[in-house]
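If you want the building blocks of each chain, they are given just below.
Protein chains: 2
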Amino acid sequence: MARLMGQMMQMPLMISSLLTHAARHAGDTEIVSKRVEGDLHRYTYRDAELRARKLAQALARLGCEPGDRVATLAWNGYRHFEAYFGVSGSGLVLHTINPRLFPEQIAWIANDAADRVLCFDLTFLPLVEKLAPQLPSVQHYVVLTGRSHFPAQTSLPNLLCYEDLVDAEDGTYRWPEFDENTASSICYTSGTTGHPKGAVYSHRSTLLHTYGLVMPDAMGIGGADVILPVVPMFHVNAWGTPYAAPMVGAKLVFPGPHLDGKSLYELLEAEKVSFSAGVPTVWLGLINFAQAGKLKFSTLRRTVIGGSACPPAMMRTLESEFAVQVIHAWGMTEMSPLGTLSLLKAKHAALDATAQHRILEKQGKVIFGVDMAITDDEGAALPWDGQSSGNLVVRGPWVIQSYFGRTESPLVALEGRQWFPTGDVAAIDADAYMQITDRSKDVIKSGGEWISSIELENIAMAHPAVLEAAAIACSHPKWDERPLLVVVRKPGAELSREQMLGFFEGKIAKWQIPDDVAFVAEIPHTATGKIQKLKLREMFKGHRLPTA
Amino acid sequence: MARLMGQMMQMPLMISSLLTHAARHAGDTEIVSKRVEGDLHRYTYRDAELRARKLAQALARLGCEPGDRVATLAWNGYRHFEAYFGVSGSGLVLHTINPRLFPEQIAWIANDAADRVLCFDLTFLPLVEKLAPQLPSVQHYVVLTGRSHFPAQTSLPNLLCYEDLVDAEDGTYRWPEFDENTASSICYTSGTTGHPKGAVYSHRSTLLHTYGLVMPDAMGIGGADVILPVVPMFHVNAWGTPYAAPMVGAKLVFPGPHLDGKSLYELLEAEKVSFSAGVPTVWLGLINFAQAGKLKFSTLRRTVIGGSACPPAMMRTLESEFAVQVIHAWGMTEMSPLGTLSLLKAKHAALDATAQHRILEKQGKVIFGVDMAITDDEGAALPWDGQSSGNLVVRGPWVIQSYFGRTESPLVALEGRQWFPTGDVAAIDADAYMQITDRSKDVIKSGGEWISSIELENIAMAHPAVLEAAAIACSHPKWDERPLLVVVRKPGAELSREQMLGFFEGKIAKWQIPDDVAFVAEIPHTATGKIQKLKLREMFKGHRLPTA
Chain X
0 MARLMGQMMQ MPLMISSLLT HAARHAGDTE IVSKRVEGDL HRYTYRDAEL RARKLAQALA
60 RLGCEPGDRV ATLAWNGYRH FEAYFGVSGS GLVLHTINPR LFPEQIAWIA NDAADRVLCF
120 DLTFLPLVEK LAPQLPSVQH YVVLTGRSHF PAQTSLPNLL CYEDLVDAED GTYRWPEFDE
180 NTASSICYTS GTTGHPKGAV YSHRSTLLHT YGLVMPDAMG IGGADVILPV VPMFHVNAWG
240 TPYAAPMVGA KLVFPGPHLD GKSLYELLEA EKVSFSAGVP TVWLGLINFA QAGKLKFSTL
300 RRTVIGGSAC PPAMMRTLES EFAVQVIHAW GMTEMSPLGT LSLLKAKHAA LDATAQHRIL
360 EKQGKVIFGV DMAITDDEGA ALPWDGQSSG NLVVRGPWVI QSYFGRTESP LVALEGRQWF
420 PTGDVAAIDA DAYMQITDRS KDVIKSGGEW ISSIELENIA MAHPAVLEAA AIACSHPKWD
480 ERPLLVVVRK PGAELSREQM LGFFEGKIAK WQIPDDVAFV AEIPHTATGK IQKLKLREMF
540 KGHRLPTA
Chain P
0 MARLMGQMMQ MPLMISSLLT HAARHAGDTE IVSKRVEGDL HRYTYRDAEL RARKLAQALA
60 RLGCEPGDRV ATLAWNGYRH FEAYFGVSGS GLVLHTINPR LFPEQIAWIA NDAADRVLCF
120 DLTFLPLVEK LAPQLPSVQH YVVLTGRSHF PAQTSLPNLL CYEDLVDAED GTYRWPEFDE
180 NTASSICYTS GTTGHPKGAV YSHRSTLLHT YGLVMPDAMG IGGADVILPV VPMFHVNAWG
240 TPYAAPMVGA KLVFPGPHLD GKSLYELLEA EKVSFSAGVP TVWLGLINFA QAGKLKFSTL
300 RRTVIGGSAC PPAMMRTLES EFAVQVIHAW GMTEMSPLGT LSLLKAKHAA LDATAQHRIL
360 EKQGKVIFGV DMAITDDEGA ALPWDGQSSG NLVVRGPWVI QSYFGRTESP LVALEGRQWF
420 PTGDVAAIDA DAYMQITDRS KDVIKSGGEW ISSIELENIA MAHPAVLEAA AIACSHPKWD
480 ERPLLVVVRK PGAELSREQM LGFFEGKIAK WQIPDDVAFV AEIPHTATGK IQKLKLREMF
540 KGHRLPTA
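Going line by line, the protein sequences match chains X and P. Here numbering that gives the first Met the number 0 is used: the first residue of the first sequence is 0, the next is one more, and so on. Here numbering that gives the first Met the number 0 is used: the first residue of the second sequence is 0, the next is one more, and so on.
Honestly, the hints are just simulated from the structure, not real lab data. For each residue, glycine too, the CB sits at the ideal point set by N, CA and C. Among these hints, one or two may not hold up.
Residues on chain X that point at chain P, a partial pick, calculated with CB under 10 Å [as the list claims (entries may be wrong)]:
no. : residue
1   : Phe177
2   : His202
3   : Ser401
In silico BS3-like links for lysine-lysine, alpha-carbon gap of 30 Å or less [claimed, not checked]:
no. : chain 1 : residue 1 : chain 2 : residue 2
4   : P       : Lys346    : X       : Lys295
5   : X       : Lys477    : X       : Lys444
6   : P       : Lys477    : P       : Lys534
7   : X       : Lys346    : P       : Lys295
8   : P       : Lys293    : P       : Lys271
9   : P       : Lys509    : P       : Lys489
10  : P       : Lys440    : P       : Lys529
11  : P       : Lys506    : P       : Lys440
12  : X       : Lys196    : X       : Lys129
13  : X       : Lys271    : P       : Lys346
14  : X       : Lys346    : P       : Lys293
15  : X       : Lys196    : X       : Lys534
16  : P       : Lys271    : X       : Lys346
17  : X       : Lys444    : X       : Lys534
18  : P       : Lys346    : X       : Lys293
19  : X       : Lys346    : P       : Lys261
20  : P       : Lys295    : P       : Lys261
21  : X       : Lys261    : P       : Lys346
22  : X       : Lys261    : X       : Lys293
From just these sequences and the hints, can you work out the full model?
Given below as structure tokens:
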């Protein structure tokens, strides 16, 4: 007998439908933006939807055709938001570029993506002027501002004014419907080695990710929320918040480039923000500002912290001093980005606060749609016992299959299925809470056992004389690899090799304690502030451990 | 230039993945069932997933092939839950039949669906024995019980025992992946006229609906919830709760046939239920029981009430006396079923309780995925002003395109798109909150203006001498139609035509007051308890209004 087909409406999942939904059902809900120009801009979803359609018209008038890439170099703001929908919604592909990368990286990325249009905030005019000669594919430069702020002089050929483009259109545009697997946007990973690689999201993957993201066990966003995405819109689509807010009709507040403690605090209070999301460092500035002025948050109730592991102390401070729930999250560019979030299960209600905190400090459980596993170096699955650490692999409809313009598959096989190797090393406990213990390439493999470089660094950093520390693998004739700790002392502080090593005693198992310490004046970093472990390992390639 | 395709993993949305997700990530979370046999059964998602795979094996062994329909006549319980996944997950089609229908309707439905297997609870053995001779397509009868409760005698040929079937399999079954548009389940509407019609859900529509359902602005279900679906699993898949609970890993509590106030109260308390869903009448029993014993709910915090309009008084009682949040919802079989739920927006936070209640008493806003519109009888769109009432039409990926085995399209065109006409008459306000005012065929069209029969009935029912009231259209030479009120007096109560009509004064506009009252001994009802307005209109076809 032939398989019976469902008899439901065939409607492709389209990014444009998020904004039309918001315009229809939360038409007067506000989008508030702190502008590059310095002032506060307010309008509604209804306004945004009309302007996004006008943008789609303008891009077509510029000659853009389905599949063309439209790049942005922009902060979180309403014009960037319009581009999210005007570009993707019309079948073009939004390419959000991280302006904090080195200029040569930006040029490489824009060329790899073959961007046809580049839209940028006024802030980035000097950068774009400098880059332009290296960007042969870019036919149109658009500055995201109005006529009154339009640069009087520029080296850019035929620079276009965003507001002029939008104003010239009549808005009689109708969002097209097309294959939901069509590319919607591209975001490049800034890998520590090799060239950056582009993740190509689709309308389908974006909508499924957005459904996953608003779930109570994920960001838990509803129409009664006011959302301020601190995470930039050039960091994996601000973790999906610009899609999630219109899905539920929540008010959106964009901070622009103003991410210091004071600016954020004032905006959170003035606009009655209830939910935010960002990396730990931004929260540090906000907490410091609030503590210094003995201030409280009147409306902020919940925040998702990810990007890098959230220090437990920060989670405790936000909860106990400020009554803000912290949801620890993990994801990556290749995952749209959300993978896991840490929230309690019903059975945890009876635990005491300390036991609950131990769970909440992990990276958490997957959202439905993502599956994960950990494997040993032979690719065999490891048990979920909270102890076994292994290579974390993931799969799901919002996980990449391959990178932009590359045919080789990054996937690995496990139990008859294809998985994306995250490059993270993690343990998963019996309740399916995942905890990152290291990056695969940073883990130290000592006689078949894995030592977490992150754990060693966290301990070392807790020493009052340590400014920064990095643990790397050093070759060893017997154990294959043993840990070497590279340390920058605080200015004026004294610290000996023996004192440093002694500090580890009682904190971890004896065999995990580093074999040696090397004191340096500076540890090398990437453009995004991460320690360049590869460079460090090269620097200490010839280092001979005293135990060797 | 060719459209660029996304480079994300191509994974079909499969119902089986809901249960494997729960087994992997909430493996020890419980499913508790009050059994037909009388006792309480407990096991975990891990157990359920294994048994669902064994069921899939058993059905294949019985000769079932992809697309075959497997019917159930069963209460809410773990075996029914296993069928939801074992049947749909293996590419068969689950057909949940409402045992409360008249036997001849059940037979008609089972024949229309050409069910190959019929699984039923012990309760329904006499019913199935009576029906069997009329069910030529059914090859296998399976009673959902173990050997110890297996009927000693039955007229059913080759009756199979569910537990024997499951026990005979080894569980080495692997869930297949196939086209996500494949049919997963069928549910028939019990229309008031004509034969019932089957809505055919797909794996895709079911998963998208489930994502929509768990959203904070819908049921708002997370892994910390304990869910008791009071709504039967034969009523549009218990509104999707058997899919939603495994999606988030929430504990499930099934009440079996025990839906009286006492049984429900005890189960809610014993199993620490936090969330429930059901029709207003069930809550009435529960509230009466709790009030009589001066009892409170220790863990119940939220409930979704739908199926028919929830009386505002019930919403207030649950909130003020019992601290249970009531979410008013609306949907239909053709919508999987969820369409709208009433929750406040951020801007409503400042309103006083009365104003908030007025919003929450409406049927609410659509979940993202459903769109709605109201039209006049010429099919033109009506404004969203909270006043204009019109035919409610909907569209979305979990709304039907056509009915099982029928080629004719029930859809209507509006603004270049196809919509499903709900048969309801509604008004939508400027904030996109929808309120049902009537059924299309029951609305009374008086001189171009529409009068809501429901509104007239609600007023009449508030009179202390009225047991039941129905308002129907009666033909009128000048106004085309005018309302006639059909009333059943309470036993021993006195009520004149003039007293009844006088009761309307000051409560609605003068022109909406009925022209006449007819007192009857009884008002005819359908099998599911709805007033048979068609029959009433036939009864009063020749009625001459005093105003005519």
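Hint check:
The restraint placing Phe177(X) at the interface with chain P holds, with a minimum CB-CB distance near 7 Å, inside the 10 Å limit. At about 7 Å, the closest approach between the beta carbon of His202(X) and any beta carbon in chain P falls short of 10 Å, and the interface hint on this residue holds. The criterion of a C-beta within 10 Å of any C-beta in chain P is met by Ser401(X), whose closest approach is roughly 5 Å, and the hint holds. Restraint check for Lys346(P) and Lys295(X): the C-alpha separation of about 22 Å stays at or below 30 Å, so the hint holds.
For the hint linking Lys477(X) to Lys444(X), the alpha-carbon distance of about 12 Å falls within 30 Å, and the restraint holds. Taking the CA atoms of Lys477(P) and Lys534(P), the gap is about 24 Å. The hint holds against a cut of 30 Å. Annotation: proposed proximity of Lys346(X) to Lys295(P) holds, straight-line Cα distance about 22 Å (limit 30 Å). With a C-alpha separation of about 19 Å, the suggested pair Lys293(P) and Lys271(P) falls inside the 30 Å cut-off, and the hint holds.
Pair hint Lys509(P) plus Lys489(P) holds up; C-alpha atoms about 26 Å apart against a cutoff of 30 Å. Annotation: proposed proximity of Lys440(P) to Lys529(P) holds, straight-line Cα distance about 14 Å (limit 30 Å). With a C-alpha separation of about 24 Å, the suggested pair Lys506(P) and Lys440(P) falls inside the 30 Å cut-off, and the hint holds. With a CA separation close to 23 Å, the supplied pair Lys196(X) and Lys129(X) stays within the 30 Å bound.
Distance hint between Lys271(X) and Lys346(P) is fulfilled; the C-alpha atoms sit about 11 Å from each other, no more than 30 Å. The straight-line distance between the Cα atoms of Lys346(X) and Lys293(P) is roughly 28 Å, inside the 30 Å bound, and the hint therefore holds. At roughly 20 Å between alpha-carbon atoms, Lys196(X) and Lys534(X) fall within 30 Å of each other, so this suggested pair holds. A threshold of 30 Å between alpha carbons decides the hint, and for Lys271(P) with Lys346(X) the separation of about 11 Å falls inside it, so the pair holds.
As the CA atoms of Lys444(X) and Lys534(X) are separated by approximately 19 Å, the hinted pair is consistent with the 30 Å bound. Of the pairs offered as hints, the one joining Lys346(P) and Lys293(X) holds, with about 28 Å between alpha carbons and a cut-off of 30 Å not exceeded. Distance check on the hinted pair: Lys346(X) and Lys261(P) sit about 26 Å apart at the alpha-carbon level, within 30 Å; holds. Between Lys295(P) and Lys261(P), the direct Cα distance comes to roughly 13 Å. Compliance with the 30 Å bound is thereby established for this hinted pair.
Of the pairs offered as hints, the one joining Lys261(X) and Lys346(P) holds, with about 26 Å between alpha carbons and a cut-off of 30 Å not exceeded. With a C-alpha separation of about 13 Å, the suggested pair Lys261(X) and Lys293(X) falls inside the 30 Å cut-off, and the hint holds.
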